[in-house]
Structure formats: C-alpha cells, structure tokens
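Undergrad: Residue strings, one per chain:
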Amino acid sequence: MVEIQSKYLDEKLDQVRAMDFLQYRSGDLPTWCPGCGYFGIMDAFYKACRQMELKHENICTVSGIGCSGRTPIFINSYGFHTLHGRSIPVASGLKLARPDLTVFAVAGDGDALGIGGGHLPHVARKNIDITFILFDNSIYGLTKGQSSSTTPYEMKTNSHPVGNPDSPLNPIRLALSYGASFVARGYAGDPEGMKEVIMEGTKHPGFSFIQILTPCVTFDKSNRTWKNLKENVHPLRMSPEADNMETAMRAAENQPFGVGVFFKDKDRRSYQDILDGLNA
Amino acid sequence: MKDINIVIEICGSAGEGTISAGEILSRFMSSQGYEIMSFDSYPAEIRGFGKCVAHTRISSSVINSPGKLADVLIALNDGHSISQLSALKKGGILIYDSQPAKPHEEDKSVLGWADPSVVSYGVPLAMLAQKAAGNLRGRNMVALGAIAALFDLDREGFTDSIKARYAKKKQIVIDSNVNSFLEGFDWTKDHIEKKDTFTFDGVSLEPRGEKLIINGNQLVAQAALDADLKFYAGYPITPATKIMEILSKELPGYGGTLLQTEDEISAIGAVVGAGYGGIRAMTATSGPGFALMTEFTGLSVMAEVPAVIVDSQRGGPSTGIPTKTEQSDFNAALYSGTGDCPRVVLAPTDTASCYDATVLGLYLAEKYQTLVVILLDFFLSNSIRNIDTPKKPGPQMLNANVNPTEEDLKDYKRYKFTDDGISPRAIPGTPGGISFYTGLEHDERGRPDYSDKGHLAMSEKRYRKHASVLKEAPAPVISDFDGDRADIGVISWGSSAGAAHEAVATAKKEGINAASFSSVMLYPFPDEALIEFAGRCDNILIPELNFQGQFADYAQGVIKREVTRLNFITGRPMAAEDILDKMREM
Chain W
1 MVEIQSKYLD
11 EKLDQVRAMD
21 FLQYRSGDLP
31 TWCPGCGYFG
41 IMDAFYKACR
51 QMELKHENIC
61 TVSGIGCSGR
71 TPIFINSYGF
81 HTLHGRSIPV
91 ASGLKLARPD
101 LTVFAVAGDG
111 DALGIGGGHL
121 PHVARKNIDI
131 TFILFDNSIY
141 GLTKGQSSST
151 TPYEMKTNSH
161 PVGNPDSPLN
171 PIRLALSYGA
181 SFVARGYAGD
191 PEGMKEVIME
201 GTKHPGFSFI
211 QILTPCVTFD
221 KSNRTWKNLK
231 ENVHPLRMSP
241 EADNMETAMR
251 AAENQPFGVG
261 VFFKDKDRRS
271 YQDILDGLNA
Chain G
1 MKDINIVIEI
11 CGSAGEGTIS
21 AGEILSRFMS
31 SQGYEIMSFD
41 SYPAEIRGFG
51 KCVAHTRISS
61 SVINSPGKLA
71 DVLIALNDGH
81 SISQLSALKK
91 GGILIYDSQP
101 AKPHEEDKSV
111 LGWADPSVVS
121 YGVPLAMLAQ
131 KAAGNLRGRN
141 MVALGAIAAL
151 FDLDREGFTD
161 SIKARYAKKK
171 QIVIDSNVNS
181 FLEGFDWTKD
191 HIEKKDTFTF
201 DGVSLEPRGE
211 KLIINGNQLV
221 AQAALDADLK
231 FYAGYPITPA
241 TKIMEILSKE
251 LPGYGGTLLQ
261 TEDEISAIGA
271 VVGAGYGGIR
281 AMTATSGPGF
291 ALMTEFTGLS
301 VMAEVPAVIV
311 DSQRGGPSTG
321 IPTKTEQSDF
331 NAALYSGTGD
341 CPRVVLAPTD
351 TASCYDATVL
361 GLYLAEKYQT
371 LVVILLDFFL
381 SNSIRNIDTP
391 KKPGPQMLNA
401 NVNPTEEDLK
411 DYKRYKFTDD
421 GISPRAIPGT
431 PGGISFYTGL
441 EHDERGRPDY
451 SDKGHLAMSE
461 KRYRKHASVL
471 KEAPAPVISD
481 FDGDRADIGV
491 ISWGSSAGAA
501 HEAVATAKKE
511 GINAASFSSV
521 MLYPFPDEAL
531 IEFAGRCDNI
541 LIPELNFQGQ
551 FADYAQGVIK
561 REVTRLNFIT
571 GRPMAAEDIL
581 DKMREM
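Chain order of the listed sequences is W and G. Residue numbering for the first sequence follows the numbering used here, beginning at 1 and increasing consecutively. Residue numbering for the second sequence follows the numbering used here, beginning at 1 and increasing consecutively.
None of these hints come from the bench; they were simulated from the model. Among the hints, a few may not be true.
Said to hold, decoys possible - Straight-line C-alpha distance at most 30 Å; calculated DSSO-like pairs for lysine-lysine:
#: 1; chain 1: G; residue 1: Lys453; chain 2: W; residue 2: Lys7
#: 2; chain 1: G; residue 1: Lys410; chain 2: G; residue 2: Lys461
#: 3; chain 1: G; residue 1: Lys230; chain 2: G; residue 2: Lys131
#: 4; chain 1: G; residue 1: Lys242; chain 2: G; residue 2: Lys169
#: 5; chain 1: G; residue 1: Lys230; chain 2: W; residue 2: Lys55
#: 6; chain 1: W; residue 1: Lys12; chain 2: G; residue 2: Lys410
#: 7; chain 1: G; residue 1: Lys68; chain 2: G; residue 2: Lys582
#: 8; chain 1: W; residue 1: Lys144; chain 2: G; residue 2: Lys453
#: 9; chain 1: G; residue 1: Lys230; chain 2: W; residue 2: Lys203
#: 10; chain 1: W; residue 1: Lys55; chain 2: G; residue 2: Lys131
#: 11; chain 1: W; residue 1: Lys55; chain 2: G; residue 2: Lys170
#: 12; chain 1: W; residue 1: Lys12; chain 2: G; residue 2: Lys413
#: 13; chain 1: G; residue 1: Lys410; chain 2: W; residue 2: Lys7
#: 14; chain 1: G; residue 1: Lys413; chain 2: W; residue 2: Lys55
#: 15; chain 1: W; residue 1: Lys7; chain 2: G; residue 2: Lys68
#: 16; chain 1: G; residue 1: Lys131; chain 2: G; residue 2: Lys168
One chain only, chain G, in its complex shape (with noise of 0.2 Å):
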C-alpha cells in the first residue's frame, strides 16, 4: 500500500482562527483513519497581533514525530506567512488570499516572496467569508473548504469535525463556520485545478471515530484521576497550566481537593503535607517554578514523604522563552537543590507514555516515599495525537504503601533500615505509630543524629531505594540491530526520542547500519542497559533539545567515551530530519 505522509500547515495572526483550524483538520483525518500529530505554536501574549502556526502531520502509518518541513502552508496572514515560508518544501502547495480585505503593498504579499518552484492557489478567502457569514471570522473555515476540494476529502464528514469542534456554541456560530467552509469547498472545485502531485488517494484506511484526539497535559490530568490522586497544589505556568485547570474541574468529581496557591513553594510544600497525611498528591509547574521547589525536593527526599512533580519544560533559563519547547531542565530535574539526594525522575516519550508515566510516577512516590520528577516539554504538553484509550491501572499500581506490621508498630522505627530502602510507613492517625518527620539527618526513629555513621548510614539508605526502583522500571525500547553491531547507535530521551526512531528506521532503509536507545526511567538510569547498547555502536549520537547536551554530559560519564551532540535551541520540536541530516555527516 502506498505510504501517505503529509504536513500541513495554517499560518495566521493571533485571533484569526489558525489554532482552531488546525485542531478540525487533525480531528476529520483522524476519523478518516489516518495517524496525526499535530503542534501549534502561538505568541506569548494573548492579544496583539503575534504569529500562529498550525503544524499538523498526516500519515497514513505510524508516526512519531512531527515533521520538519511543511507540504502545504495555508497563509490566513501574508505578513506572517512570509516568514514561515521557509519551513514549506522546494515543490509545495501555498493557498493564499487572493482578494485580501485591505490590499497588500506588493511586497508584503506571500505570493512574491515564494519559491518559484512552489505550487500557489489563489482562494479569495475574506470575499467568500464575508459571503458565507456577512464577516471575516471564517476565513479560516474558507481555507479549511479549499484544502478539503483540492485534496478530494469528504465534504460532509469535514462539515461533521466543525460541527463537532463548535458543538458547545450557539446556533449561528456553528452555521457561519459550516457555511464558510462550504463557501470555500464549491468556490475551490468550480475555480481551481490541482496542478501539484499531493494526493491522499491511494490509501484505503478504514475510517473511525473511536480514537482518542489529545494532548500530553490532558493524559497526565486524566492519568492522575484515574491513579487515584487526592490533592493537587499549584501555581499557574505555561505550559503547565491546563494540568490544573483540568483538575480544578474533575478533582471534586473523584473526592479530591485543589489548591490554588500563592507560589510555587506553597504549591509543593501543600503536597509534602498531603502525602505526609498520606494520600497521593502532585503539582505541576515549568522550569522557573520548579527553581521555587527547589527547597522542597530535598525535604521529600530527606523526610521520605511522597511528592509528584511534573516538570513541562520550556525554554530557559530564568523566564526564558515561555511558548516554546526545550528539554533544558535535565540537569535541574536530577540534581536540583543540594546534598546527595536521590529523587526519581521519569520523562515519556510520545503523547500516550505521558499517561504511563503519570500512573508510575504517582505510584513510585508511594511506595518508595520519595520525590518523583515527571519530565514533559512545551511540545509534548500541547502536540495533539489520535490514541487508543489508555488502559486503566489496576490495583497493584493504586496501593502501593509499605504499611508497618503489628511486629513492625510494637516498637515503631520510622526509618527503618531496610534492604530495599524502604522503611514501612504509618500514615498519621495510626495508632501506636506516632513518629517525627524532619528534614535533619535523623537515626532509625527520626531524632536528629548527625554522627558520620548515622549519616552515611541512612545515605546508603535512600541511595538502595534506586536500585530498588530500577528492578521494577520500565526496559528501555533498542530497536533490532542488523547483525551484532552498528555504525551509529542513536541514543534519546524525552519527546526527542519518537524523532530518533523514526530517523533510525529511514537511515537502515538508506543503508545506513544504525540502532536506537531510549528510556522513559532518567533517573536512577538503566546504566547496564546503556553501556551494553554502546559497546555494539561504533558510533553514538545523542539528540536533544538543549544547548549543552546534558543528558550527553550523563551519558559519557556512564560510557566513558566521547559522543557525537545534536543540539538545537530554536524553540521547535526534533523531527527525524534533523537526526537523519546528521547520521548523513557521521
């Protein structure tokens, strides 16, 4: 069968629908049967006139990362198009407003500004909205409409996707944008005719509707519903926010609390105190929060009170940029705060594993009573995918306390040394376990002790947790090697890793000899795994978003050899393109 693969993208001024048009074309293709990822990225300010860009990729087969370069770039705004005009293919399909409301100078136009190998359709996008809904607002649907008749698509079961997208709307909003998107549909099939070669024909994909059409922040907030959590406490962060307010109206529903707090300290400090009380807590924040939080990492660790942090990293340091994506908070996530203090930290790989890692992150922090760092990014929190429904935990993962024994409450050491690390633990209001919680280094029973055994003692202690936790973590995924080495092993993390999978399986097609490494478990590391998986590699590359290679730093330190980086800091997601480029040079 022949393997469709196109991106599209829709590029307007903030207000003009780009965001929203994107989102219908990724819910009709989903229910086509086609796999989507979709990525938008917007201005920091809410008003104004900032560029939006609708990213959608639409395959007819697996996928996993969004794409580089654009097929097809719909340009709601010509000023803003210009400049989005670089990241459309030598060869592809611009749509552009031929009769724009206020004329442009001849300069400001898309259409001069493109290359002359790019295919252009002129659609009068603002006449037609303006005769579909007596105004401008449905532009957007217009170009929805001659996307739809240039590439043939169900003109009804797109006319479905909006209604479903405005279903919550009144009457007259849903019928302008049906009757705009119409307009631009009959405008397109009477007045143009395709001369490029894209085509979604070809394929025969069964069409459906049961798939899930979500973003990561969604699966964590619902992951955490269906995990069992009680409490949330936090502080409103892009591109963390959506977590909370997500939460703030399904929490009560499951017999839970929200905290909205005054800071980012409160917030964390609200969840040591709930997981203190003993039921399962989290907060979610970005980089500058989780800088405030510092002080409370390493209170979890050292009290041994469960605490779940999800860290959706965005561009840093300080405020950074905060719309766009990085993975720079590697460093912070492991090593945060001060002292030597293991935490764990997790970072899924693609939209469904951020609904895996919240399941076993909130679980971890329960049973090994330490603080859990759950790793997103700005593109991983926002980027739309169509998923299977997640299948739910079962019990083993929602009761995960180590509770004290009849024996163990006789004469009850909070500390306990164990060998597993894990000392049971009395959640307050039992009886007979009354004990002292503190941040001081402590003996078995909590008092403060700071003799160089005791301390080394209870070191040890925190540190056999993470052997403990590595027995029961998720394997890292290493795609089959052909034969029993490779020229270049490709080793990733974090929303980059769906991007080197897909770079390793085109570069084996091309003939290049390569493998590919990635785990959701950051911290401890399956060390073993990665040591064993570098020695069959001639070569290593390591992939990631952030200007020093941090988690390249890591990695040499655990190889003992030098790799090759791929960092890049534009502020986009990693697409295969990138990485392929580069095994290309190696």
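The shape of chain W in the complex, shown without the other chains (with noise of 0.2 Å):
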C-alpha cells in the first residue's frame, strides 16, 4: 500500500488545527470514504462539545464495530473500540462507574439494532445518563453492502441480491415504544441541526436516543442517497415541546424524514438518581 503522506494532507490539517472547534477533532485521519455522510455527523459532534465547553478528558466515546465503531479514535478525548453491538452494555457500565464524565455510545444500523438490538429496551427502560448516537446509513458498510435492519423492502443488496426479504425496523418508533426518554433525528448534510440535537440530547439527565440519516456513498446508490435525502428531509412537523408520546408515535410514523425532537420527558429521573434514591 502505498503510504499517503502528501502535502496536501499536511495543508488540510493546519487548515483543520486553525479552526477552533476543530480542536475536539485527534490527529487521526478518518479511514471513511470520501464522501461519507459520517464526517458530517463527526463535525457537528465536535461543534457541540466545543459549544457546551466539555474538558477533553471528561468525555468518553463507547463504540461498537462497524464504520462507526472508529469514530472514538478520530476524537481527541478518552476513546473505547468494544465489540459487535456491544457499546451499549460498555457505556452503561463507564457511566454508573464513573457519573462524572459525559459518556456517549455509538453505533450503526446494523450494530446497535441488528447484533445488539437486545441492549437497546433495556438501557432506555433503565434510563442510564449516555447520549447514544446512531449512524444509520441502512447498510452494512464496512462488509461490503449487506442487508441492515433498516434497509427497506425489495432493496437489491450484497446479501440480497434479487431484493430484500425484510421489512426494515423503524428506529424511531423503537426508542419511542421502549420508553427512551429523549428521542431524536439528525440528518448528516446539515451539521446544525445536528449539533442541536446532540446538545440537548447531551444535557438530558437520562437516556438520549438520536438517530442520523447518513448516505453509505459506496454501498447504496440508489435508497438513502445524499440526492433523496436533500429532497426529502425537512424540519419535524410537529410542537417543538416534543411531550406527547402519541404525537411523536405518529410523527415516527408518517415523517420518516423529518429531522428534531420528537420526545422528551423532563421529569423522568435517571437511573442513577433512581439508585440513589432507592438506597437513600
């Protein structure tokens, strides 16, 4: 392989250190394809960490496996690679351990619904304080083009060559029905509005459910691309106070492009509020 060290590089990197929010961003190139709808996702993470003042090392990024799972190393804080579907569990554990850091968990569509789908009621009913990102791109990138959870019906994959079997889950709605008590969407191409809902989702004492819609540039030329996604996304259709769960079951229902707040319960304790209390 050939060792890419060129100038170029060095340049877009001063370029990158010169930016003041860029600082959150390590010295690692992201290994993502050109194009990749993550870079946008990992921008408007660095913008809200630079925006609520977080302390490098009081930030901790759980990941799992997949393209996402290397987020954590392209973050200039503390950084933990687990395993397929695991960051969940891995986050769960930092955050009860140690309440004083922020911690956030990442993971794809395929880690955190397909081979760790079962973690996801669980944290949510227990309401651990993690602020958990999805990169939900509807494929299976880093293998290559497989069918995903939420890859829709009849779609041609890798794994699916004549059409996809499976009807996709709806991300939204889950987090909803398993009682997250902050649920969100995010949409790649608009880091903005990204780094709102990371805010807030990030300053809700409770578990924060924030799926991104993000094109898979190599693997998906046809469904959630950058083109269909600029066509269709379009701010949530619903009262900014997101407190009514049967207007955000509704809204995950019908506005499967609608990007904001769909829930939030402000009174819902955390888990380790709980704890504390019970054993008061």
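Using the hints, build the complex out of the two chains.
TA: Structure below.
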C-alpha cells in the first residue's frame, strides 16, 4: 500500500487545526470513504463539544464495530472501540462507574439494531444517562454492502441480490416504545441541526437516543443517497415541546424524513438518580 | 484423643425442611467445637416433590472432603430415602417414621429396603410433630430431636441453635420448631434403646460460638466487598445467583453499584465498561453464562481492561445439570474465545480459599489490566464449612493500578512496551492521558496496527504478564515426601484438592508412599513446580470431576508423560474414599 503522506494532507490538517472547534478532533485522519455522511456527523459532534465547553479528558466515547466503530479514534478525548453490538453495555457500566464523565455511545444500524438490538430496550427503560448516536445508513458498509435492519424492503444488496425480503425496523418508533426519555433525529447533511440535537441530548439527564440519517456513498446508490435525502429531509412538523408520546409516535410513523426532537420526558429521573433515591 | 468422624444425611422431599434441618445440625455441631462440612443436593425445580439430601460430615479433627458414604440416614420421606440407602454404610443407622401420616404399602417403606446390617430406629415423626405443633411441618425437628437424644447431645444447646436459625421469624414459628425438637428428643430418650456403636463420646472439644458458618458464594461476596469492589453486573443463574443477591443488599452500603442486566453479554460488557472507568468490577455466572461472555473475555485481554468473572461450574455442556457439581469448565476458562488470549484463571481449593482467591483475583485484574476467571463449582458455592473469620486484605492489595508518571503523561502511550507487560494506565478523566482502547490489534498508542511485527510484539507483551503474575501467585500446596520419592503423586485442583490431600494423608498411614500437589493458580500454571513434583513420583494420579480429564490433558502436556486419571460426573463432589480406592488399585 502506498503511504498517504502528501503535502495536501498536511495543509489540510493545518487548516483543520486553525479552526477552533476542531480542537476536539484527534490527529488521526478518518478512514471513511470520501463523501461519507459520517464526516458531517463528526463536525456536528465537535461543534457540540465546543459549544458545551466539555473538557477533553472528561468525554468518553464508546463504539462498537462497523464504519461507526472507528469514531472514538477521531475524537481528541478518551475512547473505547469495543465489540460488535456492545457499545451500550460498556457505556452503561462506564457511566454508572463514573457519573462525572460525559459518556457517548455510537453505533451503526447493524451494530445497534441487529447484533446489539437486545440491549436497546434495557438501557432505555433503565434511563442510564448516556447519549446514544445511531449512524443509520441502512446498510452494512464495512463488510461491503449487505442488508441491515433498516434496509428497505426489496432493495437489492450484496446479501439479497434479488431484493431484501425483510421489512425494515423503524428506529424512532422502537426507541419511543422502549421508553427512551429523549428521542431525536438528525441529518448528516445538516451539521448545525445535528449539533443542536446532540447538545440537547447530552444535557438531557437520562438515556438520549439520536438517529442520524446518513448515506453510504459506496454501497447504496439508490436508496439513502445524498440526492434523495436532500430532497426529502424536512424539519419535524409537530410541536417543539415534544412532550406528547402519541404525537411522537404518529410523527415516527408519518415523517420518516422529519428531523428534530420527537419526544423528551423532562421529569423522568436518570438511573443513577433512581438508585441514589432507593438506597438513601 | 479419639478421632470422631460421622456423616449424617437427612433425606426428604422438597418442602419438608430437609435443608433447614441440616443447617441447624451443622450450626449446633460447630458450636460444640466440631469441624463440619455440609452439602445439600436438591432438584432444579422449586416446587414438586423432588429429592433433597442434606449431607453433613462432623469431625473432631480437620477435614477437607465431604465423605462419600453416610453413617446415619434420617428418612423424612420413604420413597426418596430408598434410593439414598445405597449411600448408607453397612452397619449404619437408619431413622425412619414409624407412624407416617399415610401408611406405606409394604414395598414403599424404607425399612423394607435397608441392608440387614443397618441398625434402624422407628420414631413416630408425624405423630410427634402433630402433638407438638398441631401440624406435620415439624417432622424435620422431631428427627433432629431423635438424633440429639440418640447421640446424647446437649438438649438446651441444640434448642439455642434452632432459635438462632429462626431468629427472624414469628414467635409461633420458633415455638413450633423448638417444641417439635423437644418432643422428638424426650420421646426418643423414653422409648429407644441405643443398639449401635456410633458415638460422640470420648472427645473433649471446647464449645465455641465464634466460627463463621458459611459457604463459598457468601465468601466470594464478602471478599469482593472487603477488596473494594465498586461495581457488580450480573444475570441470575444457578449456582452463582446468591453472589448477586448478597451484593445487591450490601454493595450500596459500600458505595458501590449493582446492575442486573438483560443477559450475560451485557453483564460482562458493563463490567468491562466500569473497569475501563477505573473502578473494581466483577460478575458471577455459571457455564451457560460464561459461554455468552466469551467475546468479552477476548476484549478484556486485548484492550487490557480489568475484569473479573466468577464461574461456578455446574454439570454441562449447554444447560446441562444446573444443580449438580462438576469441574468441566477448565478448558473454557483457560481457552474460551479466539486468538492467543492470555488471561488469569484461579480456582479456590476449599471454602476458605474462595475468600482469598476473590481478593487476589480483583487485585491481579486491576494490576495486570486483564481478565481474571475464578472457577468455583456448585459444591464450593453451596457447601457449608465452619471457618475462622478471614483476614481482610491490606492496602497493598487494594490499590493496584499502575498509574502513569508525569514523565509518562508527557507523551502518553496507553500500550507502552514494558518488561513486565504492564503499561501504566491513565484512568479516563486524567488530563494528559487521553487514549484510545480497542479490540483491534494496535500499536503502543492504541492505533490499529496490523503489521506482522506489531502483532508479534503486542502478543509477546500480553504474554509477558503471565510470567509477572506467576511471580506473585500463591505457591502450590505440596505434601511432605517420605524420603526422596513417592510411588504415587496425586495432582489436583479446585474442590477436588481437599479430598486429594486427605486421601494421600490416609494412604500414608496405610503404608502407601504417596505425595500430593494442588495449585489455586491454574493459568498461568506453576509448570516448573509441577515438573519437579512429577519427577519425584513414579506414578501420577489426577482426580477431577469431568469426563475428559481436562486438567490431566494440560498436565500431560507439561510433564510429557501419561498420567492415571480418575474422572466421574455423577454430580456429587469428590470424596477422599474415591481417590483412596484408586490409589489402592495402582
């Protein structure tokens, strides 16, 4: 393999360092494909950290396996790249052990809803105070284009060349019915909007579920493309209070491209709070 | 002084108070100064009419195994006791219900099936219980009364043990039990003439109250609390559940957190997360749960995050036999998962060492930033011993993390190469220690590195920890040799070790030239000591409770010669008699 050590990269890095919010970026260059939606998610993440003035050493990002798994290595903070589907259990243990840290868990659609799908209901019902960001590109990217739990019905993929026989999951509806106390959606092409929901989710004292709609530019040429997303994404058409479960459920059903906060339960106590109360 | 050694079994149906009666017997005999070792077997089902046996060995000297056959069988239930007669010695004692509430057909009576050599005493258990408390529930206490009267045990002292057992119950419950006991005691004194030769007379032991009467699960939990455990995550599974239940009560008072998770994958995941956060964390499980935890065993070793798993082994594979004891997770504990994955495995050899192994396990995990598996088994988890209160760990066992120096933090490398394999660990939140942990192969900074040199260097680093661990591991227990050599060397591990050491001591008295070796440290194993020991023995015998001889396979690989194996998987623990019989054959 040719070592990528060109002048262009050095110049680019210098530019990056000069920009204030990119102090949250590590010195390692992302390994994602050019044009990947994940770059946008990272930008929003860095900006959110900057605006909240989080201390680098007090941020912990826990990831699973897949393209999203590499996320922590690109953040100038503590990070733990764990096992496929297991970012939630590790992040839960970490947060309960170290309530002083700001803990993020990141996962892709295969990671969070496929192999790790069994953990989501429990972290939601327990309401452990971690911010969970779902990098949802509706395909397995790192293994090169197989169907995931959010791949549309009948879409042709490398594991289903004549069409996906499985119906996709609706991540927002799942999170709502599992009892997540903060449920939001962002779009990889809108870093400002994502930054807002990431900040709100981080400040929310409990489990925050944030789905990001993002394209896989390499293995999905027909469905969740930049073009399709740009045409369809719109701000959620519902009350910004977002305190009504019924409205949120209806929006989850009827607004598959709506971005913003679906639901937040401000009064719900976090798991740590509940434990402290029970053991007082 | 005379050596007294009596095994009493109480056999009944689930719900008849069999296990409680055994507990009270143990408590009382311990208070009288005896060594006790008791072990219950019961069905996996909560309700129904499954067979329960409370097995108690009572001795005037130190004992290390539960004894194979019973001297006394108390039959609370005739049907179940008929099948238990095979575990009663020739010439033993049978106590049965002479006036059962529902009369038996002739072929269903335990008396009819007993060996002619057995001395039997009929006591109207049901009738006396009815008389004492107005219902049949106190039959177990009547039986204890009969035993106490037959062996001339202290009537008042026994009453105190019953009161202590039910101290938290309503007065009426205490009274019913005590009255049933007294009814049984007095009736037996008045009506039964002792015809057997078993006796507790002839020894003078100091009565005492201060010994702990405790099982392995309780000791693991206590040790964890004393060793600064701050996080426990778990999922219920027999026979490890009790550890979680004790900690759920106690851990918050010690400033810790208990998390009951949705499965064992999540349990070990949370333990790894908490360990990564810099506090002491553990989980406890049994075979099926350990199987699920396998993927995290690799991550703990690869990412170098402390984690402790207690695996209380039961009959396997798969769901197996949940309430029977076995030592068949040796291979799983050492080799679970993929790749070259050096972890630490400890196996306590008796009840008391469950405490020490847990303290050591939490210490080693933290210091060496790796996975420690502690292998108990159903027998160690549940068998009850009277032991001295364990000594609490000192500060050197409690703060074991190798923190980075200021110099280290100037250019921090999470996976820095060192001679002992330990890289200074910056806990998240440490300024200057920002680092990336991963299950991918990596370089010193944690960046993915798939180069052949890098993989080799990191593998060597991880295995260097083994050499370092061995330096501070407890030394193997080796019996004295009579002269330079032994005809038979018995090598044992885990709960079979007590029986092995006892068998060797008895064999020596019989004139067999034997020696004994056991090690709590299973991985890394003290190979050099093993080679030296084996070199002095003409024959090697390895007893263990599994089908394959999993440890024997390991030992053969080390000492490079065939060993004699003693394997059985009947679900009962290893007894000294089993090993002795084999030694006599050799």
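Undergrad: All hints are to be evaluated individually against the structure, with a verdict given for each.
TA: Here is what the structure says about each hint:
Restraint check for G:Lys453 and W:Lys7: the C-alpha separation of about 28 Å stays at or below 30 Å, so the hint holds. Distance hint between G:Lys410 and G:Lys461 is fulfilled; the C-alpha atoms sit about 22 Å from each other, no more than 30 Å. Between G:Lys230 and G:Lys131 the CA atoms are separated by roughly 52 Å; this puts the pair beyond 30 Å, and the hint is violated. Only pairs whose Cα atoms come within 30 Å are accepted, and G:Lys242 paired with G:Lys169 is accepted, the gap being roughly 21 Å.
As the CA atoms of G:Lys230 and W:Lys55 are separated by approximately 25 Å, the hinted pair is consistent with the 30 Å bound. Under the criterion of a C-alpha separation no larger than 30 Å, the hint pairing W:Lys12 with G:Lys410 is consistent with the structure, at around 26 Å. Proposed proximity of G:Lys68 and G:Lys582 is supported: the alpha carbons are some 14 Å apart, at most 30 Å. Restraint check for W:Lys144 and G:Lys453: satisfied, since their Cα atoms lie roughly 28 Å apart, inside the 30 Å limit.
With a C-alpha separation of about 26 Å, the suggested pair G:Lys230 and W:Lys203 falls inside the 30 Å cut-off, and the hint holds. The hinted pair formed by W:Lys55 and G:Lys131 fails the criterion: a straight-line CA distance of about 75 Å is larger than 30 Å. Taking the CA atoms of W:Lys55 and G:Lys170, the gap is near 57 Å; set against the 30 Å cutoff, the hint is violated. Proximity of W:Lys12 to G:Lys413 is assessed by CA-CA distance (about 26 Å); at most 30 Å being required, the pair is judged to hold.
Proposed proximity of G:Lys410 and W:Lys7 is supported: the alpha carbons are some 28 Å apart, at most 30 Å. Of the supplied pair hints, the one linking G:Lys413 and W:Lys55 holds, its CA atoms being roughly 20 Å apart against a limit of 30 Å. Of the supplied pair hints, the one linking W:Lys7 and G:Lys68 is violated, its CA atoms being roughly 79 Å apart against a limit of 30 Å. Between G:Lys131 and G:Lys168 the alpha-carbon distance is near 24 Å, which keeps this suggested pair within the 30 Å criterion.
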